[in-house]
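> Generate coordinates for the entire structure from the input sequences, incorporating the hints supplied.
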Amino acid sequence: MIRQDPYSVFDALSEPAAGAATAPILALALGVLALLLCEVIDLLRPLRPFVFVGTVLVALFFEFRLLGQAIPPGPVLDGTFVASHDTAAWGVLFLSGTLLAWAYSLGYQPEGEPFRGEHDALMLSCAIGMMLMAGAGDLIVFFVGLELLSIPLYALAAFQRWRSTSVEAGIKYFLLGSFSSALFLFGAALLYTAHGTLSISALAAAVSGSNLSRIGVALVAASLFFKVSAFPFHTWVPDVYQGSPTPVTALMATGTKAAALAFLLTQAAPLFPERGALLVALLALVTIALGNLGALAQEDLKRMLAYSGIAHAGTLLLLVSARMAGADAEATQRAAIFYMGAYLFTATGAFGLVSLLESDGSRFTRIDSLRGLARSRPFAAGAMTLFLLSLGGIPATGGFLGKWFVFATVVRAEMVPVAVAGVLLSVLALAYYLRVVVVMWMQPPAEGAPVPATTRPLTAGLATGVCAVLVLATGLLPALFLSPLNP
Amino acid sequence: MLLLWITILPLLGALALVPLSPRRTSLLRGVAVATTLAVAVLSLVLWTRFDGTRADAQALFSVPWFTLFAQGGAPVPLHFALGVDGISILLVLLTTFLMPIVVVSSVGHVTERVKEFLIWLLLMETGMLGVFAALDLVLFYVFFEASLVPLYFIVGIWGGERRLYATIKFFLFMVAGSLVMLVGVIALIYGLGSASLPVLIERGAELSLEHQRWIFLAFALAFAVKVPIVPFHTWLADAHTEAPTSGSVLLAGVLLKMGTYGLLRFCIQPFPEIALGYGPVFLALGALGIVYGALLAMAQTDLKRLIACSSVSHLGFVVLGLFAMTSSSLRGAVLQMVNHGISTGLLFLLVGMLYERRHTRLLDRFGGLAAVMPVFALFFVFTVLSSAGLPGLNGFVGEYLILSGTFQSAPFWAAVAVTGVVLGAIYLLTSTRRVLFGPVILEENKQLADLGKREVGTLLPLVALALWIGVQPNPFLAKTAASLDRIADRVERTRAALDLGALEPASSDPLVSAKE
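Residue numbers (my numbering), protein chains in the order written: chain H, 51 to 537; chain E, -2 to 513.
Keep in mind that a hint or two might mislead.
[Unchecked claim] Now the stretches of chain H that chain E is said to cover, found in silico as 3 or more residues with beta-carbon under 8 Å:
1) 437 to 449
2) 454 to 461
3) 479 to 485
[Stated by the list, open to error] Not close to chain H: a few residues of chain E, all C-beta gaps over 12 Å, as computed:
4) ALA13
5) ASP48
6) ALA52
7) GLY105
8) ALA281
9) TYR352
10) GLY364
11) ALA422
12) ARG451
13) ASP496
[As the list claims (entries may be wrong)] Sample of chain E residues at the chain H side, in silico, Cβ under 10 Å:
14) LEU41
15) THR45
16) LEU65
17) ARG110
18) GLU113
19) ILE154
20) LEU161
21) PHE168
22) VAL182
23) TYR187
Calculated directly from the structure, the hints in this document are not laboratory data.
Glycine residues also receive a C-beta, built at the ideal position from the N, C-alpha and C atoms.
What follows is the structure in structure tokens.
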């Protein structure tokens, strides 16, 4: 049924199910408008942080309400958008990631804060994009989400216009990102040509072995792999991550990955043929290997974390392959949400700490510049160590249980050799995480090097604390996070 | 509840240290000593309450932790479950006993960043106790891995000159081993539909032989690296040599025991049939370790490296005793775990004291110390004799039980192992002669101070324990008897069944036919 009357959209939204499903997105959209309004009216400017936090909290409230419902709305608005417990859980992740990245961005720009309102509004629209991607029931809705996420990120990456690397990152990301958007559109067009529909559930039922639809699916997958930063579409990551302002990198590393993965697992999985599972598993393993090998060679902390992000994307891709090989949808979904949640808190915390250190006068992003950090700033070093250990998957941290769930799912999908290979490749990762730990704890500060001072607002410290507590909590009390997923 | 308190009290102690000022070192040390002593006292209470006639786990504590979602089948609940049986209680006691000594001994060699050091030590105690007390596979794995981290920092920050190389090597060896075990743990949990250790022990043998074999191998590899069994021993000498004295004592005293404990608990006890099949391999590796470790020790010029190599030899005995799988060899193996903790701990403490005075550990830098440091010499000779297995001291009881038990099931490897006893006496006595006796050649050695009260105080409890076990081992053996007899009985029954089965050609399992 196609609605011809443009105003009928309001009728559609007033249905209780549709209203509940879209409430978080609408709240965010209103928040974006409010932020822009505050920017124009001088009197309202001091209110901006409250508007931002308030909007996110309201959206979080709606997501939690969805999580608490016994029967979630499911597909709404002619099946173009899906709201389930899973999408709500993903939504919570997106919102927490955005909030944390924002907290780190406060006071990050040393040269005063031009365009603060625009910056915040762009960050909020990223969250809208992610939610649309995770819940898309239709390729067009997904595309709108993808662009709503990507375009603000292009702008945010280049936000420090006075730094050439930031501009370079923005342009690089923009060029390659639009290329991948084009791939997606072309794939969607081919699928439409082949099957006459853009609805994902209809496509899943109709996808056949015809060349047209096969190429279409492959192109869609390629553009998703680009967003997840999987081999062979990963080469943009180090430059873009390194050049962007660090809080934006945190959002990019966690949010984009999470959103693309959420779409792959919640909605798009039925599109992919089972016999592609092995290919995806291979790509995932290559991604892990390349990420880890690349990270081993890095001297810059941000770049190292970027490569480590590639390796983590590979691990997540293993889940996609397990799902394609027939692993239980629900188990895969939970493993993905848990892993991504743990990664989100860990990586945001790690990037956040980098942002904290680098804006202290000089740029502390070289690994060497962290020498003796344990003595000058024991708490920052302690938190960083915790994050690095979690990234490496050492028990008692969320990173360990996340890995556990992923490999358990892969083993259950009867891909034991893949699991063993993945596990062995992740040993490699410890070598470079530990290197940073060694530098911070076991080497004396370099002679005459400037000592990082604490000049940042309380919010960054608070965000680090929250991340650290959540990393430990996901590792020690996972039931707290898993039980909302098994209502 | 008692066991829970024993396990988490060190963690609470570590948290209590966090807000204290790093400059008030005596207060920090006082808190750490008090915590470890309290844990030791609690564990003694546990020991007296422990009923040695029961084979199953006691002092149980269990709360639900989280649920693993199993695909298809029922979800697997995980528990924060603790408990000790006759095997683990000895190791728990060994740990809680060594800890106060380690904390006190650290006064001599840790003068920088004392607060961090004590925090790591206490965290490590919780990790080690958790490994021995965990009754849930995932919980065990978490403790097993997490106990690595404190040691990593202890060696890496307070270690010797090549500490960075040693720590990275140590950590990567350990993590590679335990990640393979992780796959084994996952496969085991989904095979059994439960993560509980008692269930594993009960029903492990019901899994298909192929399944059992892979899980056995995954676990055995991780533990073999930890023990270490030759050829995985190369990390040990480096880590031991570079670690500060307290790190070495804990590494040798407790950490290596996680490997032998794991072999017994996760390889032999649940899968006796596979263990019998691979028994000859491990017997050969154990005997090889005894001889090779002793030969390595003979070739060392650094006293600490020498002790590290002797550990390889001594743990070879434990592995031999475990895989001979007779009732007396198992008793000997478990007792020898404790003995090795005591005598090697003593040796490391003594060498540490020497190093604090002379800042070298090279054998040819000493000589004639008996004349200068008579008290030190007394302790040194005692310890060496205990380590060499002199009758009347602890080492003898363990080695004798192991060898006599092994002669019943694998006489050839027992014979090879006996040569190790002789070699052990050679390298231990030679090095004693070179350090203690003869003329005092070097000027620097003439002015060395003898042991102080604190140092004697750290040594005496261990010396007393060594004597006690040597003269009257029964109180210790009695507590473990029931648990070990259950394993030995089960192995016997399996052995008998396999022998019967081997007579029938119908048996198609390659392991069984290989056994003939």
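> All hints are to be evaluated individually against the structure, with a verdict given for each.
Status of each hint after checking the structure:
1. 437 to 449: Coverage by chain E holds here, the residue count being 4 at a Cβ distance below 8 Å.
2. 454 to 461: Coverage by chain E holds here, the residue count being 5 at a Cβ distance below 8 Å.
3. 479 to 485: Since 3 is at least three, the answer is holds.
4. ALA13: For ALA13 of chain E, whose nearest Cβ neighbour in chain H is about 16 Å away, the distance exceeds 12 Å, so it holds.
5. ASP48: Label holds. Min Cβ-Cβ 32 Å, cutoff 12 Å.
6. ALA52: 29 Å, holds
7. GLY105: 21 Å, holds
8. ALA281: ALA281 of chain E is indeed farther than 12 Å from all Cβ atoms of chain H, at 27 Å.
9. TYR352: 20 Å, holds
10. GLY364: 35 Å, holds
11. ALA422: At roughly 39 Å from the nearest Cβ of chain H, ALA422 of chain E sits farther out than 12 Å, so the non-interface label holds.
12. ARG451: Holds: least Cβ distance 28 Å, greater than 12 Å.
13. ASP496: 33 Å, holds
14. LEU41: 28 Å, violated
15. THR45: THR45 of chain E check fails; min Cβ-Cβ to chain H is 32 Å, beyond 10 Å.
16. LEU65: LEU65 of chain E check passes; min Cβ-Cβ to chain H is 7 Å, inside 10 Å.
17. ARG110: ARG110 of chain E check passes; min Cβ-Cβ to chain H is 8 Å, inside 10 Å.
18. GLU113: Hint holds; GLU113 of chain E Cβ to chain H Cβ min 8 Å, cut 10 Å.
19. ILE154: Interface hint status for ILE154 of chain E: holds (5 Å vs cutoff 10 Å).
20. LEU161: Hint holds; LEU161 of chain E Cβ to chain H Cβ min 6 Å, cut 10 Å.
21. PHE168: 6 Å, holds
22. VAL182: Because about 9 Å separates VAL182 of chain E from the closest Cβ in chain H, which is inside the 10 Å limit, the hint holds.
23. TYR187: Interface hint status for TYR187 of chain E: holds (6 Å vs cutoff 10 Å).
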